[in-house]
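Protein chains: 2
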Amino acid sequence: MKLKAKFLKWSAGAPTAMINKKTAEKIGIHSKERISIRTYKKYPKEMSLIVDIVEGIVRPGEIALSLEIKKEMKLRKGQLLDVNLSTVPLSTIYIKKKLDGKRLSEKQIKEIIRDIVNNSLSQAELSLFVSSMYIRGMNLKETIALIEAILESGNLLKLRKKLIVDKHSVGGVPGNRTTPIVVAICAAAGLTIPKTSSRSITSAAGTADVIETIARVEFTMEELKKIVQKTNACMVWGGALGMVPADSKILDTEKMLKIDPESQLLASIMSKKLAAGSEYILIDIPYGKNAKVSKKKALELEKKFNKLGKYFKKEIRVVITPGNQPIGKGIGPALELIDIMHILNREKEAPKDLEKKSVFLAGQLLEMTEKAKKGKGEELAKEILQSGKALKKFKQIIKAQEGDLNKIKLAKFKKDILSKKSGKIIEIHNKKITSIARASGCPIDKLAGLRIYNSLGDRVKKGEVLTTIYTESKSRLNSAVNLFHRIKPIRIR
Amino acid sequence: MKLKAKFLKWSAGAPTAMINKKTAEKIGIHSKERISIRTYKKYPKEMSLIVDIVEGIVRPGEIALSLEIKKEMKLRKGQLLDVNLSTVPLSTIYIKKKLDGKRLSEKQIKEIIRDIVNNSLSQAELSLFVSSMYIRGMNLKETIALIEAILESGNLLKLRKKLIVDKHSVGGVPGNRTTPIVVAICAAAGLTIPKTSSRSITSAAGTADVIETIARVEFTMEELKKIVQKTNACMVWGGALGMVPADSKILDTEKMLKIDPESQLLASIMSKKLAAGSEYILIDIPYGKNAKVSKKKALELEKKFNKLGKYFKKEIRVVITPGNQPIGKGIGPALELIDIMHILNREKEAPKDLEKKSVFLAGQLLEMTEKAKKGKGEELAKEILQSGKALKKFKQIIKAQEGDLNKIKLAKFKKDILSKKSGKIIEIHNKKITSIARASGCPIDKLAGLRIYNSLGDRVKKGEVLTTIYTESKSRLNSAVNLFHRIKPIRIR
Numbered sequence: 040m041k042l043k044a045k046f047l048k049w050s051a052g053a054p055t056a057m058i059n060k061k062t063a064e065k066i067g068i069h070s071k072e073r074i075s076i077r078t079y080k081k082y083p084k085e086m087s088l089i090v091d092i093v094e095g096i097v098r099p100g101e102i103a104l105s106l107e108i109k110k111e112m113k114l115r116k117g118q119l120l121d122v123n124l125s126t127v128p129l130s131t132i133y134i135k136k137k138l139d140g141k142r143l144s145e146k147q148i149k150e151i152i153r154d155i156v157n158n159s160l161s162q163a164e165l166s167l168f169v170s171s172m173y174i175r176g177m178n179l180k181e182t183i184a185l186i187e188a189i190l191e192s193g194n195l196l197k198l199r200k201k202l203i204v205d206k207h208s209v210g211g212v213p214g215n216r217t218t219p220i221v222v223a224i225c226a227a228a229g230l231t232i233p234k235t236s237s238r239s240i241t242s243a244a245g246t247a248d249v250i251e252t253i254a255r256v257e258f259t260m261e262e263l264k265k266i267v268q269k270t271n272a273c274m275v276w277g278g279a280l281g282m283v284p285a286d287s288k289i290l291d292t293e294k295m296l297k298i299d300p301e302s303q304l305l306a307s308i309m310s311k312k313l314a315a316g317s318e319y320i321l322i323d324i325p326y327g328k329n330a331k332v333s334k335k336k337a338l339e340l341e342k343k344f345n346k347l348g349k350y351f352k353k354e355i356r357v358v359i360t361p362g363n364q365p366i367g368k369g370i371g372p373a374l375e376l377i378d379i380m381h382i383l384n385r386e387k388e389a390p391k392d393l394e395k396k397s398v399f400l401a402g403q404l405l406e407m408t409e410k411a412k413k414g415k416g417e418e419l420a421k422e423i424l425q426s427g428k429a430l431k432k433f434k435q436i437i438k439a440q441e442g443d444l445n446k447i448k449l450a451k452f453k454k455d456i457l458s459k460k461s462g463k464i465i466e467i468h469n470k471k472i473t474s475i476a477r478a479s480g481c482p483i484d485k486l487a488g489l490r491i492y493n494s495l496g497d498r499v500k501k502g503e504v505l506t507t508i509y510t511e512s513k514s515r516l517n518s519a520v521n522l523f524h525r526i527k528p529i530r531i532r
Numbered sequence: 040m041k042l043k044a045k046f047l048k049w050s051a052g053a054p055t056a057m058i059n060k061k062t063a064e065k066i067g068i069h070s071k072e073r074i075s076i077r078t079y080k081k082y083p084k085e086m087s088l089i090v091d092i093v094e095g096i097v098r099p100g101e102i103a104l105s106l107e108i109k110k111e112m113k114l115r116k117g118q119l120l121d122v123n124l125s126t127v128p129l130s131t132i133y134i135k136k137k138l139d140g141k142r143l144s145e146k147q148i149k150e151i152i153r154d155i156v157n158n159s160l161s162q163a164e165l166s167l168f169v170s171s172m173y174i175r176g177m178n179l180k181e182t183i184a185l186i187e188a189i190l191e192s193g194n195l196l197k198l199r200k201k202l203i204v205d206k207h208s209v210g211g212v213p214g215n216r217t218t219p220i221v222v223a224i225c226a227a228a229g230l231t232i233p234k235t236s237s238r239s240i241t242s243a244a245g246t247a248d249v250i251e252t253i254a255r256v257e258f259t260m261e262e263l264k265k266i267v268q269k270t271n272a273c274m275v276w277g278g279a280l281g282m283v284p285a286d287s288k289i290l291d292t293e294k295m296l297k298i299d300p301e302s303q304l305l306a307s308i309m310s311k312k313l314a315a316g317s318e319y320i321l322i323d324i325p326y327g328k329n330a331k332v333s334k335k336k337a338l339e340l341e342k343k344f345n346k347l348g349k350y351f352k353k354e355i356r357v358v359i360t361p362g363n364q365p366i367g368k369g370i371g372p373a374l375e376l377i378d379i380m381h382i383l384n385r386e387k388e389a390p391k392d393l394e395k396k397s398v399f400l401a402g403q404l405l406e407m408t409e410k411a412k413k414g415k416g417e418e419l420a421k422e423i424l425q426s427g428k429a430l431k432k433f434k435q436i437i438k439a440q441e442g443d444l445n446k447i448k449l450a451k452f453k454k455d456i457l458s459k460k461s462g463k464i465i466e467i468h469n470k471k472i473t474s475i476a477r478a479s480g481c482p483i484d485k486l487a488g489l490r491i492y493n494s495l496g497d498r499v500k501k502g503e504v505l506t507t508i509y510t511e512s513k514s515r516l517n518s519a520v521n522l523f524h525r526i527k528p529i530r531i532r
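Chains as they are written, first to last, in my numbering: chain P, 40 to 532; chain X, 40 to 532.
In isolation and in its complexed conformation, chain P is listed as follows:
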């Protein structure tokens, strides 16, 4: 049926289509069923969508589409579209199969990924896929198929550069913002490190959220190439590049559900690194109490990464690091950036733990690429940091990303939380700290978050400031402070 396109200004995530009840009756479609929309062109674009049926907003003969779809299909207002009933995609059957604990073939996984990219699955169906992966897991063969399917769904970054490296942390440790420092050191040492990061999934901030505080992180492929050509590096949001669109959509659902299936974690990391053309990949797996994984699990993941490295012919090194407490002082995009600037500027406020870990990781990459001899990587990394070369390189990258270091600000509201007794700190609970940071508005409110002034084993006095909470609104300050008192993330004995 021929319908006229109309657009609704949604900032909400999921692509949506709405038609009038009368139109729905003519097409013979029911609410929440699938339609196909197709442009009338020589090379028509086509998409399959879940439809909502409304009475008020859309007139008969019209179809209302979200701005996401407008952009993806390059539509203009009033454009005529061919709208028809669409059949249930086969991938819903494959998702059910995974839910029932069965293995999926390469073909079936590709079909699921294709339907995800084409918006053919409803939010409920995509949630089912994510939870079935979470519970049932995937074996190596399935994981490889998933990586290849995600890669096929997007565009590769082709750089005419040698020694392309990358690093990734599986996360779970608040404040652990080593990436910008590692990127600055490695790029200053002559390595190429085109770092594409995701925004935060379950944490207070991702690297893209942190850099976005002061610079652009969304670029086209062409813009990105220019930045890397000029500076040897970048720190951008992968989602905007269309490198791995399937991954971005799955991550959105994981964000909503706050779960992170292992096979998707492996596929998400590997597909991004492969799409970026990285030859040397360093993976940081923090382990321990309240970290994302136990030491046992970390060793298992290490094995899997090594197998994937072998299959895809990339040099992968996994480092397993302690993750039983936050790293750095700040937690939240801007607060983490402040820590980073203290380190790059070699100021006395620089958090030692964050600096040490960053130098260690950069050292690993320098050794992998033979920029430093075995055992000498950290030394070289430290030298680059202390000489000011890393700071210079960081400023160059931020400038190339149209950023401005003077944009670093503090949040509108803050509240100090004082220790109720004297004693030794015996727990700083990662997940609880993250919950408080998110309640404060992270990662969307860039300036929100908290600052923790101590580490495990430190002695504190009654009345001493334990932590400061920062927010952009009064109501969030109340929520975050209340949550702090309810879940007690810092234990003193």
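A portion of the hints provided could be inaccurate.
Any copy, or any two copies together, can satisfy a pair, since identical chains are not distinguished.
Heads up, simulated SDA-like pairs for lysine to any residue below, C-alpha to C-alpha not over 20 Å straight-line [as the list claims (entries may be wrong)]:
(1) Lys110 / Glu94
(2) Lys110 / Ser302
(3) Lys471 / Ser125
(4) Lys410 / Glu318
(5) Lys45 / Val93
(6) Lys41 / Asn329
No lab work stands behind these hints: they were computed from the structure.
Chain P is already provided as a structure; the job is to place chain X on it using the hints.
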């Protein structure tokens, strides 16, 4: 924050709230987060909702709400509401716990059910709960807690009647519409059978869908009592009564996901029967190839039902019946009703299999309540059917539900599908038949569906009509016929 209520005409399912971007900034809320809305009254009503943030549709200072919420909170246009940021409900943590395979306490299950009823969970979170129940299961203790939580969420039907009975089929067999016949026979025999049914979840039609073809099925509790007082029976949609609102919401999600977790199946059936005050409960479990369950599974379910019956002090009888092929000729709301009328009218077109099974089930209930001696139930049921008393009772119930038997019609479009060869029918695949019925428009298009003219073992000739597909639109006729040819539900050798 004080906002003015506005309503949007959505026919889409999920309750929705939308606010303008500027309002969102003032409250400090992000898209897809939770808000609480509260009326300014002496006894305020409160609700927690997931919010969408828009630019075009809603003005600053307004909140747009779906008609479902308007109804549930009894709001009027322009009413002022207190809207605030709401915290993440604890039940999301419990859902994650179940997903990780852990047991839930009674308190935790009640918390989840309360949040479901209050719309505090997003569609993605509710999907996660359903899939975690599906995969991880629940033990007897959890199932009992689930039943009690669902019961507490709603209203009980209190009838001043004795010998209140009910029957339920776990489903999975297309065309298996015994309920209206069983209800008519039992009510004619003097039993009270206040049958509340769900609409179809994964099948072509539920009893409520079938009766809705010719009568009202949505009543208030008071109206329902009058119907049962007058006729000893009813055949209505449970969802409208608010008896088990939590169950209705979970079923909506199951419908979307097309999965039906066992613990929810047990809880859904038991909570409805308990809310209706039934003392004698007959459960029909069809088993076999392409049925919902295997014989082994059916026996396991029987045990569980018996344990639940003991716990809740109700007489439960489980019958395990063959379910390896459709029963009756028609599949789809109106087409199944036509079969039923043939049986009640004692016409020669009456499908023997459906009649036999209905008489058997009614006989069981007559024996359980000692209306008939052991072994004599079927005989009495048959007598009531053949005497015309069942037909008279059925007409009385339909009349009480403001129905009209003359409303039975056939669909606008139809197509005969002919056998491509001569031979013996060796398979009529339940799930495939259901897929075709749903593609034809069932259960929403009441007149859609298909008619199958044979049973397993029948001999057919090349060119003979195997089945007729009925639809309300041309596009659905094409979809359903194409699907038939693609998935081949009837095999001949």
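Consistency of the hints with the structure:
1. Lys110 / Glu94: between (25 Å within a copy, 17 Å between copies)
2. Lys110 / Ser302: neither (30 Å within a copy, 43 Å between copies)
3. Lys471 / Ser125: The answer is between: 18 Å across copies meets 20 Å, while 45 Å in one copy does not.
4. Lys410 / Glu318: within (14 Å within a copy, 81 Å between copies)
5. Lys45 / Val93: both (14 Å within a copy, 15 Å between copies)
6. Lys41 / Asn329: neither (55 Å within a copy, 40 Å between copies)
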